[in-house]
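Asks: Protein chains in written order, with the working numbering: chain X, 852 to 1041; chain L, 10 to 813; chain W, 11 to 254.
Keep in mind that a hint or two might mislead.
Stated by the list, open to error - If you want the footprint, here are the derived chain X segments under chain W, 3+ residues with CB under 8 Å:
{"#": "1", "region": "921-931"}
{"#": "2", "region": "1024-1030"}
What the hints assert, rightly or not - Simulated crosslink set (EDC-like; lysine to aspartate or glutamate; CA at most 20 Å straight-line):
{"#": "3", "chain 1": "X", "residue 1": "K966", "chain 2": "L", "residue 2": "D394"}
{"#": "4", "chain 1": "L", "residue 1": "K162", "chain 2": "L", "residue 2": "D147"}
{"#": "5", "chain 1": "L", "residue 1": "K457", "chain 2": "X", "residue 2": "E916"}
{"#": "6", "chain 1": "W", "residue 1": "K95", "chain 2": "W", "residue 2": "D71"}
{"#": "7", "chain 1": "W", "residue 1": "K163", "chain 2": "X", "residue 2": "D988"}
{"#": "8", "chain 1": "L", "residue 1": "K728", "chain 2": "L", "residue 2": "E759"}
{"#": "9", "chain 1": "L", "residue 1": "K182", "chain 2": "W", "residue 2": "D123"}
{"#": "10", "chain 1": "L", "residue 1": "K397", "chain 2": "X", "residue 2": "D973"}
{"#": "11", "chain 1": "L", "residue 1": "K289", "chain 2": "L", "residue 2": "E137"}
{"#": "12", "chain 1": "L", "residue 1": "K450", "chain 2": "X", "residue 2": "D973"}
{"#": "13", "chain 1": "L", "residue 1": "K171", "chain 2": "L", "residue 2": "E276"}
{"#": "14", "chain 1": "X", "residue 1": "K997", "chain 2": "L", "residue 2": "E276"}
{"#": "15", "chain 1": "L", "residue 1": "K432", "chain 2": "X", "residue 2": "E949"}
{"#": "16", "chain 1": "L", "residue 1": "K459", "chain 2": "X", "residue 2": "D988"}
{"#": "17", "chain 1": "L", "residue 1": "K495", "chain 2": "L", "residue 2": "D473"}
{"#": "18", "chain 1": "L", "residue 1": "K171", "chain 2": "L", "residue 2": "D181"}
{"#": "19", "chain 1": "L", "residue 1": "K558", "chain 2": "L", "residue 2": "E46"}
Think of the hints as simulated: they come from the structure by calculation, not from any bench. Positions of the beta carbon are idealized from the N, C-alpha and C atoms, including for glycine.
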Amino acid sequence: MKLGRREFVKLTAAATAVTAFGGLGFDLAPTKAHAQLMSLRKGKETTSVCCYCSVGCGLIVTTDEKTGRAINIEGDPDHPISEGALCAKGAATFQLAENPQRITKPRYRAAGSDKWEEKSWDWMLNEIAKRVKKVRDASFTEKNAKGEIVNRTEGLASVGSAAMDNEECWIYQAFLRSLGLTYIEHQARI
Amino acid sequence: MTNHWIDFKNSDCILIMGSNAAENHPICWKWVTRAQEAGGTVIHVDPRYTRTSSKSDLYVPLRSGSDIGVLGGMIKYIVDNDLIQKEYVLHYTNASFIVSKDFSFSDGLFSGFDEAGRKYDKKSWDFEMDENGVPKRDMTLQDPRCVYQILKKHYDRYDIKKVSAISGSPEDKLLAFYKAYTATGKPDKSGTILYAMGWTQHTVGVQNIRAMSIIQLLLGNMGVAGGGVNALRGESNVQGSTDQALLFHIIPGYLATPRANWPTLEEYLKANTPVSKDPKSVNWWQNRPKYVASLLKSFYKEADLPTAYNWMPKLDAGQNASWLVLFDKMLKGQFKGFFAWGMNPAASGADSNKTREALSKLDWMVNVNIFDNETGSFWKGPGMDPKKIKTEVFFLPCCVSVEKEGSISNSGRWMQWRYAGPKPMGDTKPDGDIIYELALKIRELYKKDKGAFPDPILGLNVDDWGDGHVFDPHKVAKLINGYFLKDTTIKGADGKETVYKAGSQLPSFVMLQADGSTCSGNWIYAGSYTDKGNMAARRDKTQTPEQEKVGLFPNWTWSWPVNRRVIYNRAGVDLQGKPWAPNKPVLAWDAANKKWLIDVVDGGGDAGAKHPFIMQKHGMGAIYGPGLNDGPLPEYYEPLECPVTEHPFSKTLNNPTALIFADEAHKRTTCDPRFPFVCTTYRVTEHWQTGVLTRWLPWLTEAQPQMFCEMSEELAELKGIKNGEKVILENPRGQLWAIAIVTKRFKPFEVMGNPVHVVGIPWHYGWVWPKDGGDAANLLTPAVGDPNTGIPETKAFMVNVKKA
Amino acid sequence: MSGKSFFVDLTKCTACRGCQIACKQWNKLPAEETRNHGSHQNPMDVSAITYKTVHMKEVADDKGFMAAWLFFPEQCRHCTEPPCKMTADAYDDKAIYQDEATGAIIFTEKTKDLPDFDEIREACPYNIPRQNAETKVMTKCTMCLDRVQNGLKPACVQSCPTGTMNFGDRDEMLALAEKRLAEVQKKYPDAVLGDAESTRVIYLYQADPKSYHPYSVADATMPGLMNRKAMFAKLFGSKSRSKA
């Protein structure tokens, strides 16, 4: 990726800061911000766009190349709409990514069960595919009550999602329509 | 949005109505502030004094749901005081068009109403045509059947006393508002409207926006810098997901969904391709056959066009498969399988108890999300007995936005490319990979064991989606843009022929073909990913001085269509191509060099050669709009649940065509003393949507930890409620607790001589998380909707509030 | 060298709280467990893990209608002659550090060994210092010194959309503050700058500073103040610059 004419200052002077305080014989408190700055120098920077409202503010994401995890997410000063600014939500994006409460494994809830069970992706997708086929085959309607051709699947419906990228939205709707779904809706309707 | 975020700075008057922009689109306030610094006025009209009101120059309170009264009053003010931008209205709008003799309006109903069917036969609303098939016009605007006179007569009833009486807005505030906003009717001044769900979530949602569109046309505010009609929209890619048609009624690029009454492509095109006999009307939708053919080829590359059309699923004629209907059918057992993909309908849909019960009627559900949510875990929610719920749930964890690559489109139609930073956490995957892998698995099953009508599944062009295993957003972005399927020779406007090789990317939608020789997943995105590269990834801030003046940034990312930054910009210049506002032009005609400057012109041709509103069949801005389901002009109706039994404009209390479910009448209340308070729903800065992507973030729940209910000091006193106490809100659909915020920012409204209290609740909470955070506002909202969109009326309904 | 300063133009603040969260993000501070107290504000005060919070005050006119909703992003003022440091220096002149180049006041880890936290807190006319209950280290805004030394704006300033939060060379900020004061006084005749000479966080108030927050500006007459604080207030003169 190209950062273009971005004016975001490269963090090359960090060592100076350390020396300044180090020379005086004490550390900054809290020390975390300082330590983070050091690792920021080593991080990979990528640009993104905020996932919350639809203003489309620019983000700079710094990723620790060793752990592959984000170490800092802040506004992109070069972005012409946001000019580096972020609201409470945008400024919290780091916690969306680096959040121990994210669900990181597929899970299944059986009929009548009171709990989730972790399953493999392969198992999940195979089971879903089988069910899609079963419902589609059973509910596929070539002609409606008037005898007009409709080629649709009556027993399946979908909602979602404005949280997906354009490319994902596009293949999702093509996938659903190829299955014959007509009940396709999402956030724009509510 | 017709305009874009930065453009707000160019406005002389920013009206924020049906939106709380400072709280819900906080960064846009940068540009609102710049407008103020340049001398612009900001007006906020809202039931509640918010952070937006605090920074506005004028705050006008109105009772939730009374917007058309207030806007109708402004239309009357404009007409009575002759404040229209006359040349604009005459040449660029349908004000001069003559309406059919058969059109009439009486006591809140337009001609053609079918009471039993709750719908209109719109035939009598048509325009009268001359012998050439072009609408008849009266350029003096005096003919009693011309649109301008019909408008004048229609809104003559909306005098300020009546408007004030029904909206509860003080007369002096209304007058100050009308005066400030209508000053933008001067040619060199512009006014803009920023609205959001505060206008759409009503049974008159579309007509709220129509009323404002009429005002914008009368004042000449469309197509100019600092003008337009701007839906702020609530999700980072809700513009894009709408463009890509994750909706029942359209397929990508705003093309109608095939229906049973159009059994062949030929019949579909005949019904959906408008014809204009006016040589000055661009009538852009005459190109629809090219867009449909290219879309069909993007789905089904190897199939011929009639076959590909046959493979598309079809709705019945007139069938409504929108959200509320979907969940009603689910409750009644129609669906066995359901995808809730990146959505939380158990909290986001109106009447949550109905939605949650509907989920229990499914055999299985796939829920794709980042965090646990009220939909995926509905079976263990409040009042549910897991043992009795048969629905299997497959929860698929997707990664977050900064972990994947692809584009999103903001409200200003900027398609912006994002890159992957961290890797997807744990076993999470991008949605694209999940969809792709699932599609491949289903294909395998149909390859192995044929099943019902396998052709569209096996014929689907999945080769353009990835490498056979991994989803490739670049490949799909190229498909959405489109490419040539055969070597094609195209004659340009200058007569020169260019040969495009098969496989080369389409430079723009102008090259799309109706014969199947081009494919394009979405014609409005043609030009976004060409042989020159990924336009959405551009980060070049170069501008000409004129572009810089209005903040156009034409080389930063890409804007649909054809990188046009202000749509309908042709209306921003006069018939000679001179900008109405010479100090802030978006477009200008260079007569010497015969070319358009600054933005990409809408429509093409020389100055004055074409009507400016190119998406309209007749090329004119629609002051009169005969296409909608509830009338060609906005009319005042109360919300379906309201605090009054009558209003001053007619005897028709509610929108007679609103989407309702007849078997739910017992769940709705109007003027019921048990539920005396108007309730409205909204958002806060610190949370988003149902809160799934914010409630789990400790920094955000720290800032807004719990469900609250805002109410006036007067209501609190009436009900003996103290600030910070727990209260219960209830109505026949559900019950909800909240922490009372007793505030001066809500005041009782005086409506038709009686006090009406409005309370407000945010809709971000849910029982799953955080603990003691509260539950969904939609437990209380009614499943009734706008007759055009089906969007539910979650902004005005009735409740009771009491101490917990 | 005159160092750095913030200019906080409260007439532009929308309380989007980007600054409040950006501060937590950069400093990786954990969240507090909060409750809704009948207000949009939270946390209600600064703490050992909250260096910055936005206060919200409703102001009514004489008829009970909203006249203004005042927002006050509170943080350490980085005093030019910091009483916290003067107090701490009596015990250990390295516990609280004043950065020469910027003027930032930094609580170091050595603050944990200061004998009396309350003394430090009460020395502050703005009631800013807090203490980590476990480590005993005292905490507050750092001016994002690490960022500033690397040519970046403090996190809160970068996140601000409206131009409320500004940061730069002190002379520049003072000039901007004076310029904005003159502009703002046309609309808000009571507008004042708070403690512009004595602090490096210069707030522009559209109304009486005390209507924003009890500790918005240093106050010599506040009851219960320690002598040192009273002396401090006298040292720096009037609580705010009166209108021209």
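Asks: Each hint should be assessed against the structure and marked as holding or not.
Replies: Here's how the hints hold up against the structure:
Three residues within the 8 Å Cβ limit are the bar, and the region 921-931 of chain X against chain W gives 5, so the coverage statement holds. Counting residues of the region 1024-1030 of chain X whose C-beta sits closer than 8 Å to any C-beta of chain W gives 0, which falls short of three, so the coverage hint is violated. Under the criterion of a C-alpha separation no larger than 20 Å, the hint pairing X/K966 with L/D394 is consistent with the structure, at around 12 Å. For the suggested pair L/K162 and L/D147, the alpha carbons sit about 17 Å apart, so the restraint of at most 20 Å is met.
Distance restraint check for L/K457 and X/E916: the Cα-Cα separation of roughly 43 Å exceeds the 20 Å cut-off, and the hinted pair is therefore not satisfied. Restraint check: the Cα-Cα separation between W/K95 and W/D71 comes to about 41 Å, which exceeds 20 Å; the hinted pair is violated. For the suggested pair W/K163 and X/D988, the alpha carbons sit about 61 Å apart, so the restraint of at most 20 Å is broken. Note on L/K728 and L/E759: the hinted pairing holds, with a Cα-Cα distance of about 18 Å set against a maximum of 20 Å.
Distance hint between L/K182 and W/D123 is unfulfilled; the C-alpha atoms sit about 60 Å from each other, more than 20 Å. Of the supplied pair hints, the one linking L/K397 and X/D973 is violated, its CA atoms being roughly 28 Å apart against a limit of 20 Å. Between the alpha carbons of L/K289 and L/E137 the distance comes to roughly 18 Å, so the proposed pair stays at or under 20 Å and holds. Of the supplied pair hints, the one linking L/K450 and X/D973 holds, its CA atoms being roughly 10 Å apart against a limit of 20 Å.
Between L/K171 and L/E276 the alpha-carbon distance is near 49 Å, which puts this suggested pair outside the 20 Å criterion. The straight-line distance between the Cα atoms of X/K997 and L/E276 is roughly 17 Å, inside the 20 Å bound, and the hint therefore holds. For a cut-off of 20 Å, the pair hint linking L/K432 to X/E949 stands: about 11 Å separates their Cα positions. A distance of roughly 10 Å separates the Cα atoms of L/K459 and X/D988; the hinted pair therefore holds under the 20 Å criterion.
This hinted pair checks out: L/K495 and L/D473 have alpha carbons roughly 17 Å apart, not beyond 20 Å. For the hint linking L/K171 to L/D181, the alpha-carbon distance of about 13 Å falls within 20 Å, and the restraint holds. Distance hint between L/K558 and L/E46 is fulfilled; the C-alpha atoms sit about 15 Å from each other, no more than 20 Å.
Hint check: violations occur at hints 2, 5, 6, 7, 9, 10, 13; the rest are consistent with the structure.
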